[in-house]
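So the protein lines, in turn, are chains G and X.
For the first sequence, numbering that gives the first Met the number 0 begins at 0 and goes up steadily by one.
For the second sequence, numbering that gives the first Met the number 0 begins at 0 and goes up steadily by one.
Hints listed in this document are in silico derivations from the structure and should not be mistaken for laboratory results.
Treat the hints loosely; a few may be bogus.
It does not matter which identical chain is meant; a pair holds if it fits inside one copy or across any two.
Taking lysine-lysine and the DSSO-like style, the derived pairs with C-alpha atoms no more than 27 Å apart in a straight line are [to be verified]:
1. K345 - K318
2. K456 - K127
3. K10 - K533
2 protein chains.
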Amino acid sequence: MVTRLTNYFLKTLREDPSDAEVISHRLLVRAGYIRRQAPGIFAWLPLGLKVKGKIEQIIRDEMTRAGAHEVHFPALLPREPYEVTGRWDEYGDGLFRLKDRKGSDLLLAPTHEEVFTLLVKDLYSSYKDLPLSIYQIQDKYRDEARPRAGLLRGREFTMKDAYSFDYTDAGLDASYMAQRDAYERIFTRLGLEYVIVQADAGAMGGSRSEEFLHPTPVGEDTFVRSAGGYAANVEAWTTLAPPAIAIEGQAPAEVHDTPNTPTIQTLVDVANAEHPREDGAAWTAADTLKNVVLALNHLDGTRELVIVGLPGDRDVDLKRAEVAFAPAEIEAATEADFAKHPGLVKGYIGPWSENGPVLGEKSATGIRYLLDPRVVDGTSWITGANVDGKHVFGLVAGRDLTADGIADVAEVRAGDPAPDGSGPVELARGMEIGHVFQLGRKYAEALGLKVLDENGKLVTVTMGSYGIGVTRILAIIAELNNDENGLIWPETVAPFDVYVVATGRDAAVFEAAESVVADLEAAGFDVLFDDRPKVSPGVKFGDAELIGIPKIVIAGRGVTDGVVELWDRRTNERTPVPIGEAAATLKAGSKDSQSV
Amino acid sequence: MVTRLTNYFLKTLREDPSDAEVISHRLLVRAGYIRRQAPGIFAWLPLGLKVKGKIEQIIRDEMTRAGAHEVHFPALLPREPYEVTGRWDEYGDGLFRLKDRKGSDLLLAPTHEEVFTLLVKDLYSSYKDLPLSIYQIQDKYRDEARPRAGLLRGREFTMKDAYSFDYTDAGLDASYMAQRDAYERIFTRLGLEYVIVQADAGAMGGSRSEEFLHPTPVGEDTFVRSAGGYAANVEAWTTLAPPAIAIEGQAPAEVHDTPNTPTIQTLVDVANAEHPREDGAAWTAADTLKNVVLALNHLDGTRELVIVGLPGDRDVDLKRAEVAFAPAEIEAATEADFAKHPGLVKGYIGPWSENGPVLGEKSATGIRYLLDPRVVDGTSWITGANVDGKHVFGLVAGRDLTADGIADVAEVRAGDPAPDGSGPVELARGMEIGHVFQLGRKYAEALGLKVLDENGKLVTVTMGSYGIGVTRILAIIAELNNDENGLIWPETVAPFDVYVVATGRDAAVFEAAESVVADLEAAGFDVLFDDRPKVSPGVKFGDAELIGIPKIVIAGRGVTDGVVELWDRRTNERTPVPIGEAAATLKAGSKDSQSV
Chain G
0 MVTRLTNYFL
10 KTLREDPSDA
20 EVISHRLLVR
30 AGYIRRQAPG
40 IFAWLPLGLK
50 VKGKIEQIIR
60 DEMTRAGAHE
70 VHFPALLPRE
80 PYEVTGRWDE
90 YGDGLFRLKD
100 RKGSDLLLAP
110 THEEVFTLLV
120 KDLYSSYKDL
130 PLSIYQIQDK
140 YRDEARPRAG
150 LLRGREFTMK
160 DAYSFDYTDA
170 GLDASYMAQR
180 DAYERIFTRL
190 GLEYVIVQAD
200 AGAMGGSRSE
210 EFLHPTPVGE
220 DTFVRSAGGY
230 AANVEAWTTL
240 APPAIAIEGQ
250 APAEVHDTPN
260 TPTIQTLVDV
270 ANAEHPREDG
280 AAWTAADTLK
290 NVVLALNHLD
300 GTRELVIVGL
310 PGDRDVDLKR
320 AEVAFAPAEI
330 EAATEADFAK
340 HPGLVKGYIG
350 PWSENGPVLG
360 EKSATGIRYL
370 LDPRVVDGTS
380 WITGANVDGK
390 HVFGLVAGRD
400 LTADGIADVA
410 EVRAGDPAPD
420 GSGPVELARG
430 MEIGHVFQLG
440 RKYAEALGLK
450 VLDENGKLVT
460 VTMGSYGIGV
470 TRILAIIAEL
480 NNDENGLIWP
490 ETVAPFDVYV
500 VATGRDAAVF
510 EAAESVVADL
520 EAAGFDVLFD
530 DRPKVSPGVK
540 FGDAELIGIP
550 KIVIAGRGVT
560 DGVVELWDRR
570 TNERTPVPIG
580 EAAATLKAGS
590 KDSQSV
Chain X
0 MVTRLTNYFL
10 KTLREDPSDA
20 EVISHRLLVR
30 AGYIRRQAPG
40 IFAWLPLGLK
50 VKGKIEQIIR
60 DEMTRAGAHE
70 VHFPALLPRE
80 PYEVTGRWDE
90 YGDGLFRLKD
100 RKGSDLLLAP
110 THEEVFTLLV
120 KDLYSSYKDL
130 PLSIYQIQDK
140 YRDEARPRAG
150 LLRGREFTMK
160 DAYSFDYTDA
170 GLDASYMAQR
180 DAYERIFTRL
190 GLEYVIVQAD
200 AGAMGGSRSE
210 EFLHPTPVGE
220 DTFVRSAGGY
230 AANVEAWTTL
240 APPAIAIEGQ
250 APAEVHDTPN
260 TPTIQTLVDV
270 ANAEHPREDG
280 AAWTAADTLK
290 NVVLALNHLD
300 GTRELVIVGL
310 PGDRDVDLKR
320 AEVAFAPAEI
330 EAATEADFAK
340 HPGLVKGYIG
350 PWSENGPVLG
360 EKSATGIRYL
370 LDPRVVDGTS
380 WITGANVDGK
390 HVFGLVAGRD
400 LTADGIADVA
410 EVRAGDPAPD
420 GSGPVELARG
430 MEIGHVFQLG
440 RKYAEALGLK
450 VLDENGKLVT
460 VTMGSYGIGV
470 TRILAIIAEL
480 NNDENGLIWP
490 ETVAPFDVYV
500 VATGRDAAVF
510 EAAESVVADL
520 EAAGFDVLFD
530 DRPKVSPGVK
540 FGDAELIGIP
550 KIVIAGRGVT
560 DGVVELWDRR
570 TNERTPVPIG
580 EAAATLKAGS
590 KDSQSV
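Okay, chain G solo, but in the shape it has when bound:
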């Protein structure tokens, strides 16, 4: 097939779009792949639609190989199923809600667990119908607070979402692995390097959850990995608690004057100057117990304060806290919060005073006191004494304080020991490109999806959910494949196989180009032909580079010597070949025979 630029809907732009923050956004708009319609909402122009279609086809192939069947759900759905699972509220402002002419509540679905569950409930009733994996490639909606970065985080976006249905845990494991394997094949075919990391499973109510991250310093997700093979999203990190220490024989807690020490650093300085360690070593921030007051805004509109005690050398990681306290929204406590609790002395908060424990047992104060997992029994701390200008020294966990529970919300740091014992971890950044998830029975229970097992007994179905953001993947590929002159697509997803440029006004050039184009078409290539008669070579080369089809043929002055040039967009090499051999040479050199 041959498409001619003189008869194509394409306009490349010289200027970057003013709202573009990332390179994929800039280049996809400038090269004529997409066009903005509203914040985070884009139209797909012919070039973009072709790339999107190729990515979708690779995903479809691998879903079919994994035994999944394609269906298609509407974007516009009724409120009720999402009400049953609580997500109508949980999604908060992120959900597009509307009413129809009769006043019924509808939503634009951000994800489809509920209706897939109900569909299977509607149609299936026996273990014989299972296992089942079904998927769709479909446009989804999320009302992002800051839609930006082009397609990387849009308000309308295309996803492949698959769901598996089993009646045993072993079945779910097998369905999960089939999808996980398919994802590995998909990302390999797309040329996307990936790391599979453990991800937070809590918010969706499931058990096993892994993310496919593309490792890149500009990624928005942080993950950790150990040389021994551990890899996890920081949100999924579990802190390894150190062994407990004997309490017996430790000196009693003492309160000391520590005026003007509202920060950890000032406290450490004063402690070293006025109350040095008995062993002669210096106090460090790690010897202090920092008590951070967080406000949780619950879905029911209530606001709750919690205090987290953690080693003074670490900060609370708000993303980890969001996971720990989901679905509540988290923020630092405000002056107004403190005003309601005069017992909390800012800068000097602690779980103990000279009269004994003052936090813990929420019933007494209305505030939960939670501890970092490192604060094990027998550890000794310097911490606030709940009096302005005073701190407790030698406060021993398990003896001097009471906690309402654990809060594993401290930042993870390079060198921290992996929870599986595989050694210290390093921190890295990545972009999420896929997510596989064992939902377990949460949705099936909420919506009543049960089947009869071999013994005629009703059992609740166990599910998995597996997502790839198609439009996000496209943006990531663009983000990774470009240079200062434009895009450089991998062959598997390039909008056309070969780009042919005829330069100059000489009829011989256009005749040679037509001949090459005919040969390429006969060889099965999908060709985009710049046949514009009155455009300068400079503009034509610029467009060829901007558009980024990896194989380019230039018909120029060389045609008088019977040659055209093969231009490799990625290496920038130009190789002259006889006009009649251009197609055969490209055919022989094609890395991926599927694409031609």
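Since the structure of chain G is provided, determine the placement of chain X on it from the hints.
Showing chain X alone in chain G's frame:
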């Protein structure tokens, strides 16, 4: 490719869905093609998605042949462009409107003229860029008051909508014909008989407009056609005015007592009894002038009364009136309306009294008086005298009455003369399957789409709009291709090429079926194989008929004699063939080689 029922997402249902009003809805749900999610909103199951994909592919092929380029717009769009063209309001309750988290108004697009216009304005600026035809296949939304009839009129539906852009009227004509020709090819390939009828162009502001109707007695649209080739939707009908008659010499109008004649029939009876015609013939309803009071609810919230005078043997056709008075909504005047206008005497309304004209010149009464085109100068009428129990006889148009204009809103009847002089028309019914439309410059003017012409002068672009309802077409094909046992797909859109049934529990039967399936796959057929081991032949045959793949191969008892049966779903013929020849026989008999 082979798909096995033991590993497929399919459940046929014995019962019709309770809300199904039409056969396509019943069968598509029962046979496992679609599943309802909300009124007028459906999920597509694997079988349905395959049929939909085949229809879309035929449309894509023909759009490409017609030189149109595919793009894809979002469903969720900002209010502003629709505000500029007035359609944000004009759509009334039919538009799904919503707000985002920042309070901006958004809509789910029912059609995309505005944003296609803006896209071209964004990117193109010269006559050299034109002509341009671009299209999308995309999910659209309309909040129908009575979503019913399954996919025939849904609230979410898939459309192919194309738009052409030209800078000359001749260019628009050519672009229009290219789309019109493509539609003829599409419907021919889909096996859908069609009639091309003139359609109302007014509401969209354009000039030429034609609908493709599939003629069927159960169609929801009425159209007329003459033996001489005229065909039009009744909404587009233009009444041929008869020649005027000389006024001079006609007797003056006289008012007669006609008590108890509030209806046309009672009036005709009294006229014949008490005031017979001078020529001895009988008065008929066609001699009376009926004056119908309509209320127009305008978009700005105001309510206007108009009176339409038309021959007493015809009624107002409200659909035609809706077109004539668009975008106002029409209803019959209510008692409250009459109460506000005591001058209107129900049953005796007319344009004249003994003191002269009483209607016409809206400024005098606040009510426009409009006449049917048949009421030409010199025609003489019996009509109300604006006094209870009195009528005027011999009221002559052009002499005794004043009108504010023409209202061509009377019903069209079989035998009416076609407006192009091609003879009397007959009435027929049809289902709309496509619409081609010359929008002209309305959208380009409203949104400022201009290009520089050959002389460097800015000219406004002229546009066309061309629509096919993909999901509606699918339903219509299902509506037309079925019998009491289920669906019977045309080969071009059947979800699979061949359905293979293995009946009984005999291993030899399954071996023979496997052998046929392998041969079919090797021959390039896409096969659905009912390999369920423990299902009775009756259930299997029932499912085969319900699902409706037109070519069925049955492996049954005959395999002991080395034969299977080829079952033609449409003719119900069963032909035994040797096991090894089944695939070749089907290949030879395939009507459409493209489908295999």
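Comparing the hints with the structure gives:
1. In this homomeric assembly, K345 and K318 come within 27 Å of each other (Cα to Cα) only inside a single copy, at 24 Å, whereas the closest approach across copies is 74 Å.
2. For the identical chains of this complex, K456 and K127 are intra-copy neighbours only, at 13 Å inside a copy versus 72 Å across copies, given an alpha-carbon limit of 27 Å.
3. Proximity of K10 to K533 under the C-alpha cut-off of 27 Å is restricted to the intra-copy arrangement: shortest distance 15 Å within a copy versus 60 Å between copies.
In summary, the structure agrees with every hint in the numbered list given earlier.
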